[in-house]
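Trainee: As a plain string of letters, each chain reads:
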Amino acid sequence: MEKMEAEVSTVLTKEHASKRKDQQIKRSKNVEHIVLGSIIPIILLIVWEILSRLEVFPAYMLPAPSVVLGTIVGLGQDGSLWGHIGITTYRVLAGFVLGTAVAVVLGSFVGFYQKAEQLFDPMIQAFRSIPSLAWVPLFILWMGIGEPSKITMIAVGVFFPVYLNIISGIIGVDRKLIEVGKINKLNSFQLVSRIILPASLPSFLTGLRSGLGLGWMFVVAAELMGASQGLGYLLVLGQNTLSPETILASIILFALIGKLTDWILKIIEARALHWQDRLVKS
Amino acid sequence: MEKMEAEVSTVLTKEHASKRKDQQIKRSKNVEHIVLGSIIPIILLIVWEILSRLEVFPAYMLPAPSVVLGTIVGLGQDGSLWGHIGITTYRVLAGFVLGTAVAVVLGSFVGFYQKAEQLFDPMIQAFRSIPSLAWVPLFILWMGIGEPSKITMIAVGVFFPVYLNIISGIIGVDRKLIEVGKINKLNSFQLVSRIILPASLPSFLTGLRSGLGLGWMFVVAAELMGASQGLGYLLVLGQNTLSPETILASIILFALIGKLTDWILKIIEARALHWQDRLVKS
Amino acid sequence: SSSTSTEGAPEKIRMDYAYYSPTSLVLKEKGWLEEEFEAEGIEIEWVLSQGSNKALEFLNSNSVDFGSSAGAAALISKANGAPINNVYIYSKPEWTALVTMPESGISSVKDLAGKKVAATIGTDPYIFLLRALNEEGIPVEDVEIINMQHGDGANALTKGSVDAWAGLDPNMARVELESDASLFYRNVDFNTYGFLNVREDFAKSHPEYVNRVIAGYEKAREWTLENPKEAAEILAEEASISIEVAQLTLERNDFSEAIPADVHHDALIEAGKVLQAGEVIDANVDIEEITSDLINPSFAEETIGD
Amino acid sequence: MSLELRNVGRTFAGKQAVRDVSFSAKQGKIIGLLGTSGCGKSTLLRAISGLDSEYDGEIAVNGAITRDIQDEIGFIFQEPRLFPWLTVLDNVTFGLKGTKNEKEKLGKMYLKNVGLADSAKLYPKQLSGGMAQRVAIARALVTSPEILLLDEPFSALDAFTKMQLQDLLLDIWETYQSTIVIVTHDIDEATYLCDRIIILRGQPGEIDKEIGINEQRPRARGSKLLAELKTEILESLDLNRAEESVN
Amino acid sequence: MSLELRNVGRTFAGKQAVRDVSFSAKQGKIIGLLGTSGCGKSTLLRAISGLDSEYDGEIAVNGAITRDIQDEIGFIFQEPRLFPWLTVLDNVTFGLKGTKNEKEKLGKMYLKNVGLADSAKLYPKQLSGGMAQRVAIARALVTSPEILLLDEPFSALDAFTKMQLQDLLLDIWETYQSTIVIVTHDIDEATYLCDRIIILRGQPGEIDKEIGINEQRPRARGSKLLAELKTEILESLDLNRAEESVN
Ligand SMILES: Nc1ncnc2c1ncn2[C@@H]1O[C@H](COP(=O)(O)OP(=O)(O)OP(=O)(O)O)[C@@H](O)[C@H]1O
Ligand SMILES: Nc1ncnc2c1ncn2[C@@H]1O[C@H](COP(=O)(O)OP(=O)(O)OP(=O)(O)O)[C@@H](O)[C@H]1O
Ligand SMILES: [Mg+2]
Ligand SMILES: [Mg+2]
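So the protein sequences, as listed, match chains Z, V, W, F and D.
First residue of the first sequence: 1, per our numbering; consecutive thereafter.
First residue of the second sequence: 283, per our numbering; consecutive thereafter.
First residue of the third sequence: 565, per our numbering; consecutive thereafter.
First residue of the fourth sequence: 871, per our numbering; consecutive thereafter.
First residue of the fifth sequence: 1118, per our numbering; consecutive thereafter.
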């Protein structure tokens, strides 16, 4: 009995040790990824800085990265940076949630019922090519210039790619798997939630990432509707006051924060799709 | 011998007849689709017209559909309509081709080689959340205000969703099929072109449709760069001259032509994916 | 006068502020309106307008009660049926001029023939350009007008993509100070004025409050005249521009006349004709009538009086 | 539940795959379907299950004609059809109702029955072919269906695992008195399990022969009767072959 | 080409699937792999093919140790693995080089050999299970590979189609002198085809027994020798079974 327990505990320690080792490997791999991923941006920044110092780019058009960084730091010091980032991130996330929710409901519906597709899909597809700026006057008219109209505007941007990918995912689900569900007497809702959604998850997640990207893009249009804070506001301000360092600061902030939110989605994607039988890349 | 030929010819006629019948059924189905798809837009238009007539919407902000239609007809009569539509469609299509080509090359590369992914992907993902308007000053700086900069701007918009969907498609390709290619000694290029692209075609086509939609959206930013014709120009002109009927006319044109180009892609999609083993929808 | 028919107090007053209207910034910064209405529990809500067209959009959609715009923009909107009145002139700005780079070889309006000129159609700089060409007798067709947003026009000019630019402050001040761009044609009188507009509805139901808002603007105007340096600082701070640019911009604003009068009326009619010729305003609109409808000096006259 | 097919046929895009198949099975009977590849066996199972409703003819369950999917039906498809995003255990309990605990207990029991007690937490991509097939078997059996349709359920298994699972099937059949239709290419299997063997042939497939077996279960695998039956069946299949090899 | 495995093993995520397998095959030999489900047969084939290179031990082809994918290799996977976007004919000619005409001619010939001459234009979703497997067989054989790895190639086929294809395989083997490794659960098949039968057992799988068959081909299916061998193999498999059923 004792011997057995001892054995069990060795096994456990071993497992533990190997797990810890795994984690270490994982962490060092993560660091490697980050380093590799930073190479090109850093090279670009250095080239840009050098060209700016050599005055190949005139400063009033394209200031050096150090100047732009100075602008961002300045914003950080007077405290307004966090306001801009905070309010924009809030708007994007709220719009993202709203847009995704609507897209899931409508997308499952349209993907699943032929009649629904014939009724709604043509119109939705037509709306898809209306530019964000075109919505601005209509949104101001319908919803005024408060937060709701801004969030809805972003939700519109998020909606389309999510919707499109959900439908394509649903259509692509293997008939064979759906039949298993039917044999097990699942109703339509269960079919969607237990088979179709998981099976179309890869496509759905791509849609989410596309949608989030578009959400960030729609921020500018949203913040044209009477905002006095936010990254989109900063961008437009920079354009109106001909301040390239403000424009570039807002671009860089967009890129960084957009990348950050996308990275979160990417991690979720990797977790959620671990079951895919895919080739380990060379 | 003769008898046999006669038989063959009966069979052929039969086949022919059944084909013709199939085509008839198809055509009447198409008509049905179009009718069904028009129901909701037409209802919306009627409601809008009525509300406008009742002056629920003030004409100086949201003129009635008939007024907007009048504006479009007016543009058509003085001939400028075709110029606007033509130039914008040309820009979108050129940008679409360019953006798609780059996305296919880069996407296959990044989807296929781990190192390429680690090097390029983080930066590309960061660029994805930069709004179209933010690119405008940079593009003017880099490429001036001619057609190339406009087309490139649209290509940027098209690029991201196509790229994202290609990668997700490639990653989702079943390992089992790729192994068949490897056993048959396909090189990397053949693996991509003969297995990975066809297998990820559903995702790729969704990307194309998403990308085309974004191309239409980027038109406005593109035509902010010194255009004197085009739907985006019309939209911005409408906003600058505070003319809601011009804004709405351009929105409706965007929707119609965007829908038309999407419809073409949708037909291609249906043709290209006929091999999918999918459930006939209820 | 109109102050007799008050319908009670509004719950809140929604004001816009804009970087092209320095006094609005001063007023917002100093909080004089808040002070004025605090006792009655009326809230003041400030909304930023990024441009004349935004201010008018907000007015039209009942998102603000007072909006600042260029006179010409207000006229276009009014011609489209917008229910607004101009009740106050916040400045006589020289915010637009024609700008070029030294290497373009342009020194007068005459040189513009056959050249590319960037302008934003429908805005004050565009009107300015048309009137300048008209003045010098150059047909519009001889000039290639390229429609761009103001900031983009400045970039295109410095990059050399266009030969001249119908500029707007503060962009114009900035290119003037930081690159070698020069203003080769200036004419204060071809600028339309800075109009403070109010929604007709608001003016009808709360005329007394219109007067009190105008009084607030007056206070800001007087303060700005007395403290030009501090005003420039406020502008620089709010609009995130350098103090030099802010000072230059302020110098080009004349705050002496605040009551809408005949000069404004005439300037607007001239602008309206140009816009009509440029097909921005419909040909069958009666410019004089619209202008008279738009400009309503009674409030300012009553408040400022003499 | 009893089962009756009347002149069932199926045409795919103008080409007939199977035609004019009629047979009936009382509750608790085991019917074997044998036939050459592509003669329509799977097509018939799909028609019986209700997954396919575009067949000609009629199918009656418990006397009632229906084209819907039956309650209390179990289907082992020709391919495993596991859900790649679920673990082995979750795949097995997919069709079960009840609390999580109950489901897992039942699932684990059946996993043990098919010899996969240790693999409960694996994902489908980690399974061997035969293991996947056994998971699919467990998934169909765990719901204790009244009608069981099996499409070559044991084809990817080694001889002994196969025998074990055949006996497991008979256990379940005894407990729940299920009506079973089994498609198989293994004649020994058919003679060991079935009350009646229906041999299809040709393209489009038609019923060629029906053989009844009135032997008590459990049957002896090596018994003389079964050996004789095997010879009979082989001969009748051979006939088709000779005929078809002409073209 | 000759083939040699030395102490080959494979571990998946810490769990050993198969270990210490060594055997060799001269050119033109047919090796059979038998064993219980999940004992590592497919894993071994993948290692030999070079698709999997993370095994322990060494594999030598023609005397040269390699972990790459071999030229001139044919692999029939346990699942059909057809490309759903290609027709049957295009699937068969997938690995061929040359002009379209040549390819199609060859492809059609092999389709005829596997009895699918009429189905050249169908898409995989329109095939029955056995038809799909036959397409996969044709696809592997059409390239006339020097090494052929077959993973339960005939499992989904009826007895007579199976025999026909076994003979087709022997034809090809005779023409090209291919070295063949075949995984099968059908003992009759193994004794009919193989020069040597390797029986794996246990989890992780290990070689339990090797049986050589020195009979000339073509062999008589009903011969006494094969029947004796079958009994021997059954017994050795039975042993495993008895052992495993303890846990
Ligand atoms: N990718 C994988 N990840 C983890 N485990 C695996 C993987 N592939 C196979 N295994 C494990 O390796 C063992 C052997 O699998 P293999 O496919 O070789 O079996 P097999 O002998 O071919 O069985 P069968 O006759 O059922 O096909 C199994 O226990 C399986 O769970
Ligand atoms: N979805 C489909 N579309 C077109 N033809 C089909 C379809 N499904 C099956 N068929 C055809 O119907 C015939 C019978 O197929 P079925 O799957 O029933 O064969 P089977 O008897 O199960 O064969 P196997 O033993 O090979 O599984 C085949 O010729 C096949 O080509
Ligand atoms: Mg079948
Ligand atoms: Mg296997």
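Rather than coming from a laboratory, the hints here were simulated on the basis of the structure.
Worth double-checking, as some hints may not be accurate.
Stated by the list, open to error - Each computed DSS-like pair below joins lysine-lysine, with the alpha-carbon atoms no more than 25 Å apart:
1) Lys29(Z) x Lys1217(D)
2) Lys311(V) x Lys397(V)
3) Lys467(V) x Lys1217(D)
4) Lys1079(F) x Lys1279(D)
5) Lys176(Z) x Lys1079(F)
6) Lys723(W) x Lys679(W)
7) Lys1214(D) x Lys1326(D)
Claimed, not checked - Here's a subset of chain F near chain D, in silico, CB distances under 7 Å, partners left out:
8) Thr881
9) Ser907
10) Gly908
11) Ser912
12) Leu976
13) Ala990
14) Leu992
15) Tyr993
16) Gly999
17) Asp1028
18) Ser1106
Note that the coordinates shown come from a computational prediction; the quantities given were computed from them, not determined experimentally.
Just so you know, even glycine gets a beta-carbon here, dropped at the ideal spot from N, CA and C.
Trainee: A separate judgement is required for each hint: does it hold in the structure or not?
Mentor: We went through each hint and held it up to the structure:
1. Lys29(Z) x Lys1217(D): Violated - the C-alpha atoms of Lys1217(D) and Lys29(Z) are around 47 Å apart, more than 25 Å.
2. Lys311(V) x Lys397(V): Not OK: Lys311(V) and Lys397(V) at ~49 Å, beyond 25 Å, violated.
3. Lys467(V) x Lys1217(D): holds, 19 Å
4. Lys1079(F) x Lys1279(D): holds, 21 Å
5. Lys176(Z) x Lys1079(F): violated, 31 Å
6. Lys723(W) x Lys679(W): holds, 15 Å
7. Lys1214(D) x Lys1326(D): violated, 41 Å
8. Thr881: violated, 13 Å
9. Ser907: For Ser907(F), the interface hint holds, since the closest Cβ of chain D sits about 3 Å away, which is under 7 Å.
10. Gly908: holds, 5 Å
11. Ser912: holds, 6 Å
12. Leu976: violated, 21 Å
13. Ala990: violated, 14 Å
14. Leu992: For Leu992(F), the interface hint is violated, since the closest Cβ of chain D sits about 10 Å away, which is over 7 Å.
15. Tyr993: At 11 Å from the nearest chain D Cβ, Tyr993(F) fails the 7 Å test, so the hint is violated.
16. Gly999: holds, 4 Å
17. Asp1028: holds, 5 Å
18. Ser1106: Violated, about 11 Å.
In this structure, the earlier hints numbered 1, 2, 5, 7, 8, 12, 13, 14, 15, 18 are contradicted, and the remaining ones agree with it.
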